[in-house]
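In case you want the letters, here they are:
Protein chains: 2
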Amino acid sequence: MSGEHEHFIDKVDLEARRRAAKVIYEKFAPVIKDVLAGRPPKLVIPKRTLANTVFDPERGILVLGEEMLEREFLDLGESRRFMQTLLMAAIIYQSLIENEYPTIRDLYYKGKHTIVYRDLRGRRQEENTWDEQKESDAVIQDVEVFTGLFREDMLILSKEKGKVVGNMRIRSGNDVIDLSKLGHGAYAIESTADLIEFIDVDAEFVLVVEKDAVFQQLHRAGFWRKYRAILVTGSGQPDRATRRFVRRLHDEYNLPVYVITDSDPYGWYIYFVYKVGSINLSYESERLATPKARFLGVQMSDVFGYGSKKPYLSDSERKKFIIKATDRDVKRAKELLKNYPWIYKNPLWKREIEIFLKKKAKLEIEAIASKGIKFFAFKYIPEKIETGDWIQ
Amino acid sequence: MSGEHEHFIDKVDLEARRRAAKVIYEKFAPVIKDVLAGRPPKLVIPKRTLANTVFDPERGILVLGEEMLEREFLDLGESRRFMQTLLMAAIIYQSLIENEYPTIRDLYYKGKHTIVYRDLRGRRQEENTWDEQKESDAVIQDVEVFTGLFREDMLILSKEKGKVVGNMRIRSGNDVIDLSKLGHGAYAIESTADLIEFIDVDAEFVLVVEKDAVFQQLHRAGFWRKYRAILVTGSGQPDRATRRFVRRLHDEYNLPVYVITDSDPYGWYIYFVYKVGSINLSYESERLATPKARFLGVQMSDVFGYGSKKPYLSDSERKKFIIKATDRDVKRAKELLKNYPWIYKNPLWKREIEIFLKKKAKLEIEAIASKGIKFFAFKYIPEKIETGDWIQ
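For the record, the sequence lines run as chains U and X.
Read left to right, the first sequence gives residues 441 to 832 (my numbering).
Read left to right, the second sequence gives residues 441 to 832 (my numbering).
Hints may be right or wrong, so weigh each one.
Copies of one chain are not kept apart here, so a pair can be met inside one copy or by any two copies together.
Unchecked claim - In silico DSS-like pairs for lysine-lysine, Cα to Cα no more than 27 Å straight-line:
| hint | residue 1 | residue 2 |
| --- | --- | --- |
| 1 | Lys621 | Lys599 |
| 2 | Lys621 | Lys451 |
| 3 | Lys451 | Lys814 |
| 4 | Lys599 | Lys764 |
FYI, nobody ran anything at the bench for these hints, they're computed from the structure.
As the structure is a computational prediction, the values presented were derived from the model and not from experiment.
So here's chain U without its partners, still in its complex pose (with noise of 0.2 Å):
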């Protein structure tokens, strides 16, 4: 924008844009530097593949590897994906100097186009720059891992669909926001948290939520203000911002995360993208991942008891509530029993997937939710983090 909407532009945003185009311009100068010098280019780019993910014990993270792989503009098999990274890092570059807001959609749409040109024999040939988002996307990857930079760093928007409630007052943009103060409603999180400036945090602890409407709830009832929480959902499967929200919680005021989803593998999966990230992204473990997270509940043992501890249901409630689970759902819970450390070396992860896998039940958050909010946001929540009747 220029001219007459130069006035709409916020500090913020044009500080990150001028960060991220200075690095951007930095890691591919020697690219061009090459080209000028006659000399072959090429990228070095960290491995994005599941034998170069590794779970990092010690920090309790999935992260990239120490693998690299050498993208060379003369080597036929990755020319293309040579050229599609130099022409994904120059339309970030033009979007960031130009003040654009650009979707990872309109990435794929701005570089689309069809190269018109001759083989060697002569004849017309064509090639699309990309075809499908998927591809647009997977260079997107490439060109953060090899920035370091993430898209949201680089302006890049997404679809955001995080809310917080809680004592905090956030500087966003040109705004001080006090997160305590939004009524019914809640505070619908930027796709770019890491430009939120957390002002003050007067908080015993963050709750994650799963579901929005479980959300709604808590705050309706005031769960927040009594126990001194910083509430957040992130509507299911959680987005980037959300992620990195709470994880800077977390680490700039030191609060303790807790996790309440369904109890089932696909619940489970949620709580482990907040505690560790996602298999397939790995290299953003490292600023969205909050390995201390706890998974409060819903657990199996809530349901079932175990040793000492009685269960919340009683046995005509378990008779009501409990769903069956489906043989997709008991492969997903072998799978994750079978295949990552952080849950077969941890017992207490054991001990809940194996009653699951005995009892073949599962519980929606909503099942204990129903017996009241007396007893959900003032009973069994604060029961279980004061006995720390959690799992990490």
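Knowing the structure of chain U, use the given hints to seat chain X on it.
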């Protein structure tokens, strides 16, 4: 909640509870009287069938017709549904007076149990109150049309995904929120949109965008500041609260409402949900639909031009951006053109769909947005509003 939690209850909710409980009490009291007097009890409920769903051309919305059904307890074919309706009303009533905030999923769980009885031959029989949530949801709808209360009026919550920013202040619960001071984030609209009080609104129009990421782009670029708009997204298919929020802005401040969706049958459908309501739940329309909502784009004539109107896309952009319509798209478009009077009686809609059927091409908002935010936010949208280039 009682005792120690009482200070968290907000007055707005409490008054809403009292209003709703009173209506439920009064509507169901005659049934109790019938029972006490030994008369066979019955409920007279507006029919929620497709045959009783009519388009009111005066008001431009779908509404329930005049047909009523009598649901009698002593009719074998109806006693199950009769009892379900009373069970649900009782659960909702109890939730209201106990300060609960149930979701529709909670209500399913709360009411789900097995009734054991002996039949005439003395055999033990079992009958579930309901088996699937689909069944209990339909009963909630019966309670809604019978009482004239929306579920939101009864403090029943549901997943919400609507967001808003703009020059307006609202009161929600005990707080006043300035929707122009939310930084890069947005205000997540509460489920109970009727409990929001609009304090002041300083805007020329409402712009509703289908997609969350596009909403963020326009927000970050300062669109709503420059053009004095209230910017809203429902993140795809809008929920009830978002629709109610938009409708109230239209009614109470006489603001024109413009909608931007993808240029395809699914996008048109989203626009029609804002405009006339959804066909399955026509009883909602009276409060949720905004019959005068205007479809700003993306129009087929924006893409291909029409008559003297020049397209916004060059030939090469069009080639790059348009997506081939699927057979399913074509089928849906033909259905729209055939079945809905507010479409086939409107020459502009006829034209829109006919271009689509001729070109068999669709286009996403992002294709327009990828031409740059300068173009999208500061040329395309304002120019179309200024020249009246919309369809109603």
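The hints, checked one at a time:
For the identical chains of this complex, Lys621 and Lys599 are neighbours both inside a copy (25 Å) and across copies (21 Å), given an alpha-carbon limit of 27 Å. In this assembly of identical chains, Lys621 and Lys451 lie within 27 Å of each other by CA distance both inside one copy and across copies; the values are 25 Å within and 15 Å between. Taking the shortest Cα distances, Lys451 and Lys814 sit within 27 Å of each other only across copies (18 Å), while inside one copy they are farther apart (45 Å). With identical chains, the CA atoms of Lys599 and Lys764 are at most 27 Å apart between copies only, with a shortest distance of 24 Å across copies and 33 Å within one.
Comparing the model with each numbered hint stated earlier shows that all of them hold.
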